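One-letter residues, chain by chain:
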Amino acid sequence: MVAILCSSQWADLSEVLSKTSYCSYFVSFENWSIADLEQLFSRPSFCGALTESLSPRELALIASELNKQLLQSQAREKKRLHSQELRQLEVFNQELEAIVAERTQIFEESKAEEDARLIQTRGIVKSIQDLAQVQDVEEILLFLKRELKAFHGVGEVLTLEWTQGGPQDLVKAQWISKDQVQSAMVKMKFNESSKTLRGDAQTIKSAELLPLTQIFHRPVGAGLLLTLDEEKRRFILVESFLAESEWPTVHQYLSDRVLPISLTFDRVMIEKEILASIERWEESFDSVQDALAIVSHTFEVARSNKAFERYKGSKCYEIFLNRSAPCENCPLQKKTKSLQVISDDRNIYELSSNPLIIDDLPQLNYYSIHLYSDRTESRDLSARALQSEKMAALGELSAHIAHELNNPLTGIRSLAQILLGDSQLPGSLREDLKQIESGAERAQKIIENLMRFTKGETGELIALTPKEVIESTLPFIKTALRDHRYHISPGFGEKRFLAELPLMQQVLFNLINNASQAMENAGELWIEGGEIAVENKVQCYIDVRDSGPGIPRALRQKVFEPLFTTKQEGAGTGLGLALSKKIVESFGGKIIILDSEIGAHFRVIFEVQGST
Amino acid sequence: MIKILIADDEPLIRRSLKRLFSDCEVIECEDGKSAIRDWKLYQPQIVILDVLMPERTGYQVVQEISEELKRDTVIVVMSAYSGSDVEKDSDLDLFVKKPFENILELKKMILGLL
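Top line first, the protein sequences correspond to chains A and B. The opening residue of the first sequence carries number 1 in this note's numbering; numbering runs sequentially from there. The opening residue of the second sequence carries number 613 in this note's numbering; numbering runs sequentially from there.
Please keep in mind that the hints were generated in silico from the structure rather than gathered at the bench. Small disclaimer: the values here were computed from a predicted structure and weren't measured. Each hint should be verified, as a subset may be incorrect.
List of simulated lysine-lysine pairs, DSSO-like, C-alpha gap at most 30 Å [said to hold, decoys possible]:
| id | chain 1 | residue 1 | chain 2 | residue 2 |
| --- | --- | --- | --- | --- |
| 1 | B | LYS709 | A | LYS187 |
| 2 | A | LYS390 | A | LYS178 |
| 3 | A | LYS434 | B | LYS630 |
| 4 | B | LYS615 | A | LYS445 |
| 5 | A | LYS434 | B | LYS652 |
| 6 | A | LYS68 | A | LYS126 |
| 7 | A | LYS149 | A | LYS195 |
| 8 | B | LYS720 | A | LYS445 |
| 9 | A | LYS205 | A | LYS145 |
| 10 | B | LYS719 | B | LYS615 |
| 11 | B | LYS709 | A | LYS434 |
| 12 | B | LYS720 | A | LYS434 |
| 13 | A | LYS467 | B | LYS709 |
| 14 | A | LYS187 | B | LYS615 |
| 15 | A | LYS478 | B | LYS719 |
Looking at chain A on its own, in the form it has when it is part of the complex:
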């Protein structure tokens, strides 16, 4: 707004100016002091001075003109500013667009890279998954061959393993030919510079691979050597006929996978070793002749050798002993190292139990190694040895006693005979002397038999009758039969069979002794001898029958087995019947058990001598 101001001095005007906001004003300054004028001119908004007195109309015109000019200049200025702003905006806009374009480009580039990396990673993951399925070296090589098919120009894939120790330049090469793994030992120098860290891959010139030509019977191209295990000098060699520019791709491809491959190789080798050692272990396990089993606390068999697997089942006692319940003295529950004797129908085993705690919770997973050593034979043998030793000692003792008794008996008998020869002897005295003489004779016979029985005049086969056997044995067993009633019918003693008398006495003694021991209370016993005709043959027999509890049919075979005894500990060795059977059979006879209404009925049968 333009104003025209009139005032006589600066002071008034400056007051007005301080209160208004005119931007342009004209001042009529007639009669102003110089100082006032200087003040006025120094004002930045002062435009000009009017020196002549003008009429208000003229002033109004001037003012309007001035205002018009002022408005126009303002509009121009506004326009100028506006266009300047527009230009600036445009520049700014262009800058922004440039930034956006740049950012977009960067973004797009990184996405492509990311995608490529993703594909690469997926490829590796796939490879690792494939490698996880691999079972052996063959499959590793097949896997590599399959994977590397994508690169046309990749040749053979081999594993190379330089021997440790021994000749340094011998390498075991394995490769696939016709879908099967081949292997060969090749003389090839080991380059110490190849000994790089696991996972490293390096190119190797074809000249260095010259020894491999003898495997493939053709020139071998250059190769990539991947270190699987630098310590074990184990490598993978990939033969390549690719142009040099294509190598980095294969190199990269293999570098990405060499670690999983190497680990797979390790795993395969370890698995192979484990399998081999399991096999070795099983073999040695099976080669043990004694039965061996790892048994859990519930009697389940975890592992066992062949000697152990005798019957069907899952529990130890089922499989090994064909039992339906655990052995009475099973050491398994003891959970300590122990030695026990167990037995089945036939054999006696020494069972050594060694606890094996697999898990940290022994109460849940408790195992024991059971080793069953067959001691039947040794028990049998030692019992027999003991028995024969006893018999030998007894024989010696009896011989001495017999000799010592024989002398006075001979004297007694002889004296009686001499006195009886006196014709003047009174009749009653003669009868007494006869009794003394016959008593002494009987005593001598007993001694004679005892000596034969214990000393065992072995090797001398005599034609015996059942009667002789029975009558010569009876004197020894009268004490054994003291508690029982017994009936003897020794037969007529006509037919004879060949045997050794002392041994036959032993057989009969055993049978009678068994019979009298089988009868808890006073019982009855029948001892009979005789002859029977069987199928045109005449047989001699000696029967021993008792009124005891008898022998169940199921046990009839068993009673003849060594060490089978129903007697209490110490009462019998369990050898009596087994030995008797052996003795009788050695003379061509038999011992059988006959059906009987009461008690047991044993019969010893012999072919009559000369009967056909």
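Given the coordinates of chain A, work out where chain B should sit on it, guided by the hints.
Structure of chain B alone, referenced to chain A:
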């Protein structure tokens, strides 16, 4: 009268033999050593020796006696052990297995050797 030397450590046998030969002069010995002594001393026509005796066995007694004495004597040896395991001495006239079945028979046999 016939002189008979009987050497046996069993008094009952000595006694029975003494009674058996009651019609003869019987010299009794209970061991081998005294048998040698009395054989030399009495020079009997018949000597009956047990094999197992203290000091000397019957065989040792026979061995130790000089040939001259043996020639003039009927020598009888008795043993409970079977004669088969003992080497029969050519000096012996009779080997008698103990126990005797019938002692009266024995007397006849021995006197028959004279």
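* Asked: Against the structure shown, which of the earlier numbered hints fail to hold, in ascending order?
  -> Violated hints (numbers, rising): 1, 2, 4, 5, 6, 14 and 15; every other hint is consistent with the structure.
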